[in-house]
Structures are given as structure tokens and as C-alpha cells.
Amino acid sequence: MINKPSETVLMFLFFAFLSMKMLVAQNNTTIPVNVGVILNLDVGFDKVWLSCINLSLTDFYAVHGGQYKTRLVLTTRNSKQDVVGAAAAGLDLIKNVEVKAILGPPTSMQADFVIDIGVKARVPIISFSASSPSLSSLRNPYFFQATQNDATQVKAISSIVKAFGWREAVPVYVDNEFGAGIVPFLIDALQAVDARVPYRSAIFPTATDNEIGEELYKLMAMQTRVFIVHMSTTLGSRLFLIADKIGMMSPGYVWIITDGLADFLSLTNSSVIDSMQGVLGVRPYVPKTKEVIGFKTQLKRTFIQNNPDTVDADLNVYDLWAYDATTALAMAIEKAGTSNLSFQKLNVSSNSTDLETFGVSRFGPNLFQALSETNFKGLSGNFSFVNGQLKPSPYQIINVNGDGARGIGFWTEENGLIRKLNTLINSTTSIYSTSNSSLAPIIWPGEATSIPKGWEIPTKGQRLRIGVPAKNGFTEFLKVTKDASTNSSNVEGYCIDVFEAVVKLLPYALPFDYFPHEISDDKTYDDLIYQVYLGNYDAVVADSTIRLNRSYYVDFTLPYTESGVSMIVPVKDDKNKNAWVFLKPLTWNLWVACFCFFVFIGFVVWVLEHRINEDFRGPPMYQVGTSFWFSFSIMVFAHRERVVSNLARIVIVVWCFVVLILTQSYTASLTSLLTVQKLQPTVTDVNELIKSGAYVGYHEGSFTMGILKRLGFDKSKLIPFGTVEEWDALFTKGSGNGGIAAAFNEVPYTKLFLAKYCSKYTTVEPRFKTDGFGFVFPKGSPLVSDVSRAILGVTEGETMKKIEEKWLGKEASCPDPSTLISSNSLGVESFWGLFLITGGVSFLALLVFSVVFIYEQWDVITSPDFRSLRQRAVALFWNFYNRDLSSHSMIGNQVNDQLVQVNAAVVCEPRRSVYSTTSQQDGVSSENGDQNLNDQQPPQEAASDIEFAVQNHETPRASQNNARLDDTIQNPP
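Mature numbering (1 follows the signal peptide of the UniProt record, and there is no 0) puts the sequence shown at residues -25 to -1, 1 to 948.
The hints are simulated quantities; they were obtained by calculation from the structure and are not laboratory data. Worth double-checking, as some hints may not be accurate.
[Unchecked claim] Computed cross-link-like contacts, SDA-like style, restricted to lysine to any residue with a CA-CA straight-line distance of at most 25 Å:
hint : residue 1 : residue 2
1    : 735       : 669
2    : 777       : 502
3    : 754       : 173
4    : 708       : 665
5    : 454       : 412
Model the full structure from these sequences, guided by the hints.
Given below as C-alpha cells:
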């Protein structure tokens, strides 16, 4: 009997044996797939990459060996750092080994040849180090660039250039496929951030130290101090050693290296690192994950121990890309399947070359599709191809300092420059930054901490050659005099003082010399400025106007004077001496408005007063005349009629205030018209000059002649002048006597002319826009921004005022010509507020009166005695037109009148009744006017009635009056 433990052990051994047998059987069923590797095995870097490739396959099949049927079988070829050797290796691998894919070759020049062979044979070429943009897979469909394309890093470099405001940069590159391939993309990226490339420095790969030194001395003699280096580690190391030796690693210089150098700094010896202090660089960023750290340890254990001098302790990103590219190829081959692994042979003649005798891979299209769809997380990050190119990853910006490189920030295609990548994890916004504040502090060459301006005047270079115009007129702006004893030129004037004040504000020395340039009608300012474009002058300091056509050839600074071209004409005295001058103080619309308001106010006062005021009673025409007389007499405050209504008094108070303002304004304007001198221009329209064929003047040598020609002036009608005195003399002669009727000149010259002759001439429209005077520099000159900034410092301070007083004189005491010819007539727009208030108060008074009147007459409106609406309207009209006998003013008038009549009746005719003398009231005949004296009251009774009426504010015999009114309404006349 077998005990149970022994039985268990035997069973375990049995199953283990079966598993081993099955594993061996499975291994025997794997399908080998030939893959070629082309590297420069004479170089230490390439040996490391070969170790990374082998290590990648070992790790991959250790994890996926039980699941994958395919196995990559590597066949390695040494290109021996030669383009032809790489092409021969590729041809041999495809023709003789029939590889299904090739890893490599390492350089862009070698890859360019091998790719063409791979495309013809449909064999994918996967390079993890050839980064030239010219190897684009859009041109070579079977090429997979498993490295960052150089066209991506130029965007990071241009962002750095823009962040620090550098306007020029010079690329320094190796003159081969690797170096030249990046230059067009670099120039485009720099131009996109307004930085120009004045020079391209190409250095041969086999250049000697003397040749490199000669090229660097050439760069040293230039103004540009920003250099972008793109070359291999070997050549780049020699370049920086020589640059440091000749003094080009001192303060003021800026060096930026691409990833071709930045990725291998850890492999560079200490002497080269010491010569590169302060250099900036960009390189693809790979986070140091635990997988990367583990791979580094594993690589050391398997390779570095046997080759201690080959590689330093730090890995670079190309090692990781070699590892991930091999993994991607293994995954793609498995996905593509195992069918059609053979090559299709082509029918060729017996005398065909080797380039024509290899076949075409049937497996290629499937493998191409599988590689295009590969996507996994590798050691270098997310690994996938987009149109045959590796998906871009962030770039790290480094600063060489101390013993190595120090990270100062990052660049991403979505966010630009950023300090830390982890700040983007929780960010919901995508703001592209090109600010240098997004980077950590930088130590520049020469241990400088201040940002280099990117250019400077070379100490060994020539002084700036500045052209100045030599002319006769307007010497206040610029004057050139010749010293006969020394045969030298003395330059002075307004423009010179402004320029020299600007130079003093620059943060650096700017040595220069003036060179006079003759100006005449044949040699204009355009010719002088064009000399800067030709390179004969480095700048022009003159009274040169900023113009569009000139800006195509040169750059201007900001203007330092006023702008514009104006038309100047003589003036004539136009005092108002005609008989109708009294109408000119007010415009016609204000006269009409005043008349309308006088009529309106008269109407309002009549409406408010005629029922209760005897001064506004009488026949209709008398009432109209009285109302208008009252309204118009207020204008001179000569009205005599009394006003008893409170509403009318309010209206009159407001109207009196308005009339006071109007009369005072009229008086002041009329006084100005009769006493102040009125200078009117003799010509006010350019078309008038053209139609009449008048002669016009222009400044000799200026661009104003072109403006006059475009306006339609005939060239024969244009007369140049060179000085202020010539200008005045031409005006004095007149257009018909060899002179001019008008002149066109720029505003600074015009102000100088009018300061001397302001009583004789003035400016009129039109005024043509220009940008004033500016200093001229070559296109793209870095001096433009600094000088423009200094111009602002001069113009905003007291310096400019002192310069103007020195050369142009103090501000003239003559009045502004525009005020001399302006109109003094007053319009409605000056008084519309007063008219609005008056109209509002008047309408409000009419509204209150209407409401009160309707309220008092409500019994008439609602009376059942009226049979039609017409009768009610007639009754209201007569009540409105007649006196309001219940008003306190009318009661007082009637009482006074009747007392006078009673006294007269008692004294003179005691027998007659008072009512016999008052038998008619308000134009209505009394029906009892002929009744007998027996029916009338005696004088004593009448007097008692009047006394009673006075005490009770009632009209005597009110009942009789009401009876008469009713009868009138029922039987209207």
C-alpha cells in the first residue's frame, strides 16, 4: 500500500513531465519570421541599441511566448557608418535573407537609401533614430518613423525664441541629410513667430577645427547672437569647445541645441559640458517610471558590465524607442498572421542587376496595416503611429549647468511652454503659452542671469553708416554744412537732436557716423531710403515720412512727429459790412423756431387769460393783436398788459428767462460779427483748383508731388519750393503771375510756415493721412523695436519740448486758423433744452386749464336740455369765448363799473335806473331792455343789490343773466 504523500509527489512529477512535453511540442510549432537589423556596429550607441532590441524580444516572448505562434529571428548587418554600406546591407537582407521587416538604419542619410529598397520590395522599414522630416511616410509609405520627427521640435524651439522676444536667429547645422532636413521647417517656425533668419551656417561633417573656427568668427562678426545648433554629438562637441575658446560662450550669446545633442549630454565628457555652460536645449521627455528604472538596471547587467566604456550610467530616449519599436514589430507580425510569408519572384533578364532581381514580399501589405494599427503603452510612453510617424510626446527644455542638464520646463503641442506637466492633469482649459515666465530661472552663457537681448553691435564690426539728406530748405529740421578746413560735414537740426536723444536712452552703445546724401527734385527721399535696402547705409535719420511703398523695402520706427499732408491757401479779410448782417447771428432754423414759439406763447396766454382778464377782451381781431403784441413785446420786456391767471404767470416767467438768454446770445454774436476780424480762405476746394487750372506748390523732393498727380493735377501746374521764403514768395506772386494759389505740404513743415506767416495763410481740407516722420532701418533690423521704445521715452518727457523750442521756436501767438474761419451763427442745437422746457410748461398749463374748464362746464355737457352734440359744443364754445363772470377778477371789475354808474345816476339823473344803463352785457341784448320804469328798482334798491353782491362775490341779477344765457344757447344767433 502506497502512502498518500508519496502518491501525491508521483502525480505532481507526472503532470510536470507532461507539461514539459507539451511546452516542447508547442515550441516546436512556432513559426520563425526573419527580421533584419541595420546598425553602425562600430559605434557604441548602436551596440547599445542592438542590446535593447534583443532585450525587448527576450522580455516580450517571456510574457507572451505561450500565446504567440510567431518568433522574430534577427539578422544583423553592419552599415559601417556608410550610406552605401547601409544600402548594400538592406539589399542583402531583402534579396538573400528575405526579411519581412528591417529595424534601422540609424541615420537619416542611410535610411533615405534603404527606404527606397523597402518600398520596392514592400518590406516595412522601422527606424528609431532617423528623425529627418524629409523621410516622411507620406512620400515613403512603407517607412515607419519610430522617433520624434524633427519638424515637431522646431515648434518648441520657436516658442522659446518668441518667449524671450528674440527677432533673429541663425541655424548652425551639419551639412548632410540629417542637418539640412530640418532647416526649411526651422525657418518656417521662426517666421511664424516674427523672427527672421539672416544667415544659415552649414558645417561639413568632415570639417577641421580651423574650418569650424573660421565659421564661428564669421558668426561673431554678425549682430545676431542667437544660434540654434543641430548636429551630431561628435561634431557638436567640437563646435562648443572651439566656441568657448574664442569667446562665444560669454554673456550676450544664446545657444539652443536640438535633441540630436541634448539627448546625449549624459554621454559627453566633462570638458565638453564645461564649454556648454548656459546652453538651452530641447529633448523628448520620458518620465522615469519604475519600468524604465528596471530596464536601465537590466541593461546594465546584460551589457554595460561587458562594455564599461561604451555607455554611461544614464539612458537616452533612443534606447527606449529601440526597445518599443521591436515590441511593436513583434506584435504586428503576430497580428498580420503567418500566411504569405514568401516572396514573389520577378521575371528579369539574365543580365539584370541586384537591384532588379529581388522579389516582392507578399507579407508586406498585411504587416504594413498591422503596424499602422499598433497601439500600446511602452517604456517611452504611449506608442502608436499616425501616418507612419510616432505620435508626438512632450519636449523637455533643459539648461546646461554644472555637471549636466537641468530641466527648466516643458513644451507640449497643446499648451506651449509650461513649468510642470502634472499641472495639466486637472486642467480643463487649453491655453497656449509662449511666456518665459512659464520656465524656471535660467543661467545663461558666462553665468549671466539677465536675459540676452539676442543681438549686439559687434566690437570688431564697423560703425553704423547713417544717411542724412543734404538740402537747402527747412534747415530747422536738418542742416548739413561743409567744413572747408577739415573737409568734414557737420549735421544738426531737429531730427538729429531727436535721434541722438533716442540713442542715449538705449541700454547699449550704438556707434555711428553721418553720411550726407544730396536731395533735389531728381534725387528724392525715396532714393535716399532705397540706399538702406541696397545696403549702402545702415539707417537713415531725416525728416522722412512713413509711407506704405517705402515699408516694402525698409522698416520704420514709431513716428516722432505729427502726421498728415494739408492744403495751405492765402486768407482774405471778410468783415461783415452788408445791410443784412443782423440776421447772421442766428441760423435760419433758429429764427423760425423763435417765431413759432412767440406765436405759440401768445396763443397760450390768450387761452389762459381772455375769460378772466379785460386786457385780452374785445373784438376778435383786437384779441389776436393783443396776444401777439404781448408775446413779442416780452422780447424787449415792454409788455404793459397785466396777467391775472397763475398758469399764465408760470408760462410768462419761463418764457421771459428763455427770451433773456436768446437776446443776450444774439447780442454777443452780433457784436462778434461786427467787431472781430474774419479771415476766410481764398480757396476751399481741391476740385476748384483743378478745374481752374491754378498753379499749386509742393515741397521739393517730397512725396507730395505723387499725391497731387493722383488727385488729377497736371504736372505742368506743379511748382516746387525749397524754403519757407520761396513758399511765401510764390503765394505773393499769385497763380497768374508765376506763383501759386495753394500749396500742399506735411504738417510739421506747415506748422513751421504758419508760425511765421499765420496772419496771411491758413490750412483747409482735405488733409491726407500719413504716419509722420520716422527713422529708417533695414528690413528686420533688431534696432527698430529698441529705437521705437526709446522714441516713446523721448516724446513723453520734457526732452522733446526742449528740442522743439530750440529748433521750431515756441508755440506761435497767432490764433488757430480753424477758429478764424469758423461760423459764429447760433443754431437750434444750442437752445433746444430751453425750448423743450418752455414747450413742456406751456402744454402742461393748457392741460390743467382744459381739465378745470371741463370740470366747471360738466353741467352743460350733461344737461338734458340740449338735444344734440352740436348744441353742447356750441354751448361750450360760447362759455369758453365769453367772460367768466364768476372769476374774482371779473367780479371786481363789474362791481367797480356798477358803482361808478350808480354814482353817476344819483348825481346826474336820479330818475333813471341803474339797470337801464347796463341792459347789455357781453354782447347779448337783454329782452327786458325796453320795460317800463315802474318795473325797475330805484337807485337805493339797486345800490343795496350791489352791496349785497360785493359781500357775496356774486353778480347782481344773476338769475336774469342765466336766463339770458339759456335763451342764447337755445336760439343761437
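Results for each hint:
For the proposed pair residue 735 and residue 669, the alpha carbon gap of about 19 Å is at most 25 Å, so the pair holds. With a C-alpha separation of about 32 Å, the suggested pair residue 777 and residue 502 falls outside the 25 Å cut-off, and the hint is violated. With a C-alpha separation of about 10 Å, the suggested pairing of residue 754 with residue 173 holds against the 25 Å cut-off. Note on residue 708 and residue 665: the hinted pairing holds, with a Cα-Cα distance of about 19 Å set against a maximum of 25 Å.
Proposed proximity of residue 454 and residue 412 is contradicted: the alpha carbons are some 47 Å apart, above 25 Å.
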